[in-house]
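Respectively, the protein sequence lines represent chains A and R. No gaps in the numbering here: position 9 of the first sequence is 9 in our numbering, and each next residue is one more. No gaps in the numbering here: position 523 of the second sequence is 523 in our numbering, and each next residue is one more.
It should be emphasised that the hints constitute simulated quantities derived from the structure, not laboratory data. Treat each hint with caution, since some may be false.
As the list claims (entries may be wrong) - Not everything, but these chain R residues come out facing chain A in the computed CB check (under 8 Å):
1) ALA700
2) GLY704
3) VAL707
Unchecked claim - Cβ-Cβ distance ranges computed for the label pairs, FRET-style:
4) A:ALA10 / R:PHE687: 38 to 46 Å
5) R:PHE687 / A:LEU99: 27 to 35 Å
6) A:THR19 / R:VAL673: 54 to 62 Å
7) R:VAL673 / A:SER33: 44 to 52 Å
8) A:ARG95 / R:GLY697: 20 to 28 Å
9) R:TYR698 / A:PRO65: 29 to 37 Å
10) A:SER12 / R:GLY697: 37 to 45 Å
11) A:ARG96 / R:ARG719: 26 to 34 Å
12) R:LEU686 / A:VAL13: 44 to 52 Å
13) A:LEU99 / R:VAL679: 40 to 48 Å
14) A:ARG96 / R:LEU686: 28 to 36 Å
15) A:ARG95 / R:TRP712: 36 to 44 Å
16) A:ARG95 / R:LEU686: 15 to 23 Å
17) R:PHE687 / A:PRO65: 40 to 48 Å
Just so you know, even glycine gets a beta-carbon here, dropped at the ideal spot from N, CA and C.
In case you want the letters, here they are:
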Amino acid sequence: MTELLATYDASSVNAALLTSSVLFGIGLVGFLSRRNMIVMFLCTELMFQGAALAMIAFGRVHGNPDGQTFVIFILTIAAAEAALALGLVVLLYRRRETLDSEAWSELKEC
Amino acid sequence: MLNFSLLADATDHAAATAIGVIQPAVDAPDLKWAGLIIGLPALSALLCTICGAMRVRSKLPAFITIVALIGSFVLTCMLFQQLGQGAPRVVGLFEWMSFSWGNADRFQSFSAPFALYVDSLTLFWMLFVTGLGSLIAIYASEYMESDVGKGYTRFFGGVSVFLAAMATLVMASNLVVLYLGWEGVGLASYLLIGYYYSKPSAVAAAKKAFIMNRIGDLGLALGISLIWVNYGTVDYATLFSVLEAGPTAGHGDWMPGAIPFLLMLGAFGKSAQIPLFTWLPDAMEGPTPVSALIHAATMVTAGVYLIARMYPLFALHEDALATVAWVGGLTAFVAATIGMAQYDMKRVWAYSTISQLGYMFLGLGVGTTFGAGYHVFTHAFFKALLFLTAGAVMHGFAGQIDIRKLSGLRKVPGFRLVSYLALLGCLWLSALPFSAAFFSKDTILTAALGSERSDFQFLGWLGLLTAGITAYYTFRVWFRTFAGPVHFEAGDEQHDAHDDTHDPHHAPVAGLSLGAKHDFHPHGPRWAIRIPLILIAIGAVAAGWPAYNVLFFHGENWVQSMIAHSSAVAGSGEVHGQDVLGLSAHLMTSIVGSTACVIGIGIAFWMHLADRSAADRVRSALRGFILTRWIPTTLENRWYVDEIYHMMFRLPLWAGSHILHFFDKTVVDGFLVDGTGRVPVAVARLFQPLYNGVLQGYAATMAGGFVLIAGWVFWIWLRGNG
Numbered sequence: 001m002t003e004l005l006a007t008y009d010a011s012s013v014n015a016a017l018l019t020s021s022v023l024f025g026i027g028l029v030g031f032l033s034r035r036n037m038i039v040m041f042l043c044t045e046l047m048f049q050g051a052a053l054a055m056i057a058f059g060r061v062h063g064n065p066d067g068q069t070f071v072i073f074i075l076t077i078a079a080a081e082a083a084l085a086l087g088l089v090v091l092l093y094r095r096r097e098t099l100d101s102e103a104w105s106e107l108k109e110c
Numbered sequence: 001m002l003n004f005s006l007l008a009d010a011t012d013h014a015a016a017t018a019i020g021v022i023q024p025a026v027d028a029p030d031l032k033w034a035g036l037i038i039g040l041p042a043l044s045a046l047l048c049t050i051c052g053a054m055r056v057r058s059k060l061p062a063f064i065t066i067v068a069l070i071g072s073f074v075l076t077c078m079l080f081q082q083l084g085q086g087a088p089r090v091v092g093l094f095e096w097m098s099f100s101w102g103n104a105d106r107f108q109s110f111s112a113p114f115a116l117y118v119d120s121l122t123l124f125w126m127l128f129v130t131g132l133g134s135l136i137a138i139y140a141s142e143y144m145e146s147d148v149g150k151g152y153t154r155f156f157g158g159v160s161v162f163l164a165a166m167a168t169l170v171m172a173s174n175l176v177v178l179y180l181g182w183e184g185v186g187l188a189s190y191l192l193i194g195y196y197y198s199k200p201s202a203v204a205a206a207k208k209a210f211i212m213n214r215i216g217d218l219g220l221a222l223g224i225s226l227i228w229v230n231y232g233t234v235d236y237a238t239l240f241s242v243l244e245a246g247p248t249a250g251h252g253d254w255m256p257g258a259i260p261f262l263l264m265l266g267a268f269g270k271s272a273q274i275p276l277f278t279w280l281p282d283a284m285e286g287p288t289p290v291s292a293l294i295h296a297a298t299m300v301t302a303g304v305y306l307i308a309r310m311y312p313l314f315a316l317h318e319d320a321l322a323t324v325a326w327v328g329g330l331t332a333f334v335a336a337t338i339g340m341a342q343y344d345m346k347r348v349w350a351y352s353t354i355s356q357l358g359y360m361f362l363g364l365g366v367g368t369t370f371g372a373g374y375h376v377f378t379h380a381f382f383k384a385l386l387f388l389t390a391g392a393v394m395h396g397f398a399g400q401i402d403i404r405k406l407s408g409l410r411k412v413p414g415f416r417l418v419s420y421l422a423l424l425g426c427l428w429l430s431a432l433p434f435s436a437a438f439f440s441k442d443t444i445l446t447a448a449l450g451s452e453r454s455d456f457q458f459l460g461w462l463g464l465l466t467a468g469i470t471a472y473y474t475f476r477v478w479f480r481t482f483a484g485p486v487h488f489e490a491g492d493e494q495h496d497a498h499d500d501t502h503d504p505h506h507a508p509v510a511g512l513s514l515g516a517k518h519d520f521h522p523h524g525p526r527w528a529i530r531i532p533l534i535l536i537a538i539g540a541v542a543a544g545w546p547a548y549n550v551l552f553f554h555g556e557n558w559v560q561s562m563i564a565h566s567s568a569v570a571g572s573g574e575v576h577g578q579d580v581l582g583l584s585a586h587l588m589t590s591i592v593g594s595t596a597c598v599i600g601i602g603i604a605f606w607m608h609l610a611d612r613s614a615a616d617r618v619r620s621a622l623r624g625f626i627l628t629r630w631i632p633t634t635l636e637n638r639w640y641v642d643e644i645y646h647m648m649f650r651l652p653l654w655a656g657s658h659i660l661h662f663f664d665k666t667v668v669d670g671f672l673v674d675g676t677g678r679v680p681v682a683v684a685r686l687f688q689p690l691y692n693g694v695l696q697g698y699a700a701t702m703a704g705g706f707v708l709i710a711g712w713v714f715w716i717w718l719r720g721n722g
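Same shape as in the complex, but just chain A (with noise of 0.2 Å):
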């Protein structure tokens, strides 16, 4: 384990980054430019993959298992956060009949 953790090969963590990078990408563009509530939480869910292979991929770098740590428990949380998320947008829905966040768009304030 811990030879296996010592040595890494470089291009695998840029690549590793690399898809990181595209995956937090496309989930903030799409997280930009969709309405659909369902798809802007798939969105974030993608972000948050993103961000949790940088983290292994660091982890990777400096040669220890707690970047590995972490997502684990991340996707613990994350798994319990989305089923709490897509009950809000059920929720949601049986408001308005529209999965459109505009819907909900005056409860800004003032």
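Chain A is already provided as a structure; the job is to place chain R on it using the hints.
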């Protein structure tokens, strides 16, 4: 120079001549039981509190209080038996206040142990305080019986607190403990004046008494502080020896001169003298035993006690004594004139109390502590008697006390004894020749009239005029209420609940006679009221004994020798004085005083018994003449003193408080506090358009902000790598 003759030749030191020779105090740890004189009433107050908590619905609190007060009286008698007129004893009870600070170069300490200073002045005061206290507690056990339960317990708790505080005041061995007692009696007075707390006038009277006393107490507190700063001690024994040693140097000239004036302010507040006298008549809102005990016989003499106790200090300042004399003389006159025009019996007696206290201060001021002390003693008995007979009338006539609505009580069954005891009290108050008060008042007026100072002589003549006025207003009450044809109206105490205010402005009510309220039968007092009345009357008569002893048996005056063996020795000598208009001052006072008394009683007899319409005719005659038009209304309105105080103090304070309230609302709250709060709101309003409610907008702001920060970090990184 004032007339301080006794023991003047014992030493030729200037200061010691003025203040006389005070015996040095002796420590007496074996007299610790004397602390029980304070302790028993305090214990009784505690037991009354427990009775209150246990909702006792019997006369138990009265029984506890009576036993405790009689116990105190017996202990006082034992202490008197043991010490008599010996050297002052200091009995340390426990450490109370003890501070020290500074270093070895400049070490300072302050110590005020809870200790007793027992000399003949202390004993003299404690004898009549505890004696009258016990008798009045017995009286009150019947008088307050309609309130058995919560009120009864509260009343006797208050009386116990009063006696404990009064004993502390009188027996204290230093000024700080005296101050503790001083405030304690003020508290008890406040609680008992406000006894009928559901009555707005009683609550107002209690507050008035408390606040006016605070003004005086401020003077006393400052005086005590200055004594400590100037003489380095608050202990009586030490202070007297410092004073005997002569004038102290340093600390500027104004301080020793200011001390007696500050102490005097405290005395004037507690003893209801000009300018702080208006609280005492209002204090009659309290139950009558309280008026008799606290506001006639004991507490109000605390001011006289203070000056008598601190007499060595006063004797060194002639101006201070002259001020006391003037205030006392004028108060005696003004209060007596007001007493002529009041219709509430208790209020007449209240004004007469103020007036008689004025005589005592006049006595202190003109240099006869003996006269003042003797008058305190005689006054305590006859004034308690007058209040208690007034209370017996109130008790029997459902709270009726208006002298226009009571007449001929002498012939009402059950009130015969009360009427004749009231007559005795009235004769003593008018200083009937050869009554006790005649001798005590005579001593004071002789000292004033025979003084070398012409202003004191004027005060002496004013005092003689006041004696005539006193005889008139006293017998005005007696002839109206107890003599003449029988007719009365019951008060409304048990009939309906509305507030019984005695309006002095409307004309006297005449013609309402017996049977106006058919269901009302006055009930005469029973033994618990009668026995204390009889005992106090015996005391009032016996108070003349010290003077008879001098007059007929060439013995010595007991009161005089008591005062001569205390710190008030300076003015305790026999008063001789100069000749006045060819006669000796003493003879002159006796003749003029007796004549004034007889004339006063005579006028009262004519106007209020022989021909009662004459009073109204005199009043309208005065009203009809332009120069005297003001007299009746001014006297009925108590010289407008309350109104003047209202204009001088209450209105400016009221206006000032409204101005400050306006300032607080607009500037402090409006501008400073709310203004500060509005700043973040205004800043937020500036950025508010960015919050448009579109979720993507927020996300874009976040992302944009992140990009900016990342770009900035990257730029710095680039520059660092150069």
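Query raised in the report: When you take the CB atoms of ALA10 (chain A) and PHE687 (chain R), is the distance between them in 38 to 46 Å?
Result: 45 Å, holds
Report task. Mind checking the hinted window 28 to 36 Å against the Cβ distance between ARG96 (chain A) and LEU686 (chain R)? Result -> 32 Å, holds
Query raised in the report: Range hint 44 to 52 Å: satisfied by the CB atoms of LEU686 (chain R) and VAL13 (chain A)?
Result: 46 Å, holds
Query - Cβ distance range 54 to 62 Å for THR19 (chain A) and VAL673 (chain R), holds or violated - result: 57 Å, holds
Query - Distance restraint evaluation - ARG95 (chain A), TRP712 (chain R), Cβ atoms, bounds 36 to 44 Å - result: 41 Å, holds
Query raised in the report: Taking the least C-beta to C-beta distance, is VAL707 (chain R) closer than 8 Å to chain A?
Result: 10 Å, violated
Query - Interface restraint verdict for ALA700 (chain R) against chain A (beta-carbon cut-off 8 Å) - result: 6 Å, holds
Query raised in the report: In this structure, is the beta-carbon distance linking SER12 (chain A) and GLY697 (chain R) contained in 37 to 45 Å?
Result: This hint holds: roughly 38 Å between Cβ atoms.
Query raised in the report: Does the interface hint hold: is GLY704 (chain R) within less than 8 Å of chain A, judged Cβ to Cβ?
Result: 10 Å, violated
Report task. Starting from the range 40 to 48 Å, see whether the pair PHE687 (chain R) and PRO65 (chain A) falls in it by beta-carbon distance. Result -> 44 Å, holds
Query raised in the report: So the hint says 15 to 23 Å: do the beta-carbon atoms of ARG95 (chain A) and LEU686 (chain R) match that?
Result: At roughly 33 Å between Cβ atoms, LEU686 (chain R) and ARG95 (chain A) fall outside 15 to 23 Å, so the hint is violated.
Report task. Mind checking the hinted window 29 to 37 Å against the Cβ distance between TYR698 (chain R) and PRO65 (chain A)? Result -> 36 Å, holds
Consistency with the previously given hints fails for numbers 2, 3, 11 and 16, ordered from lowest to highest.
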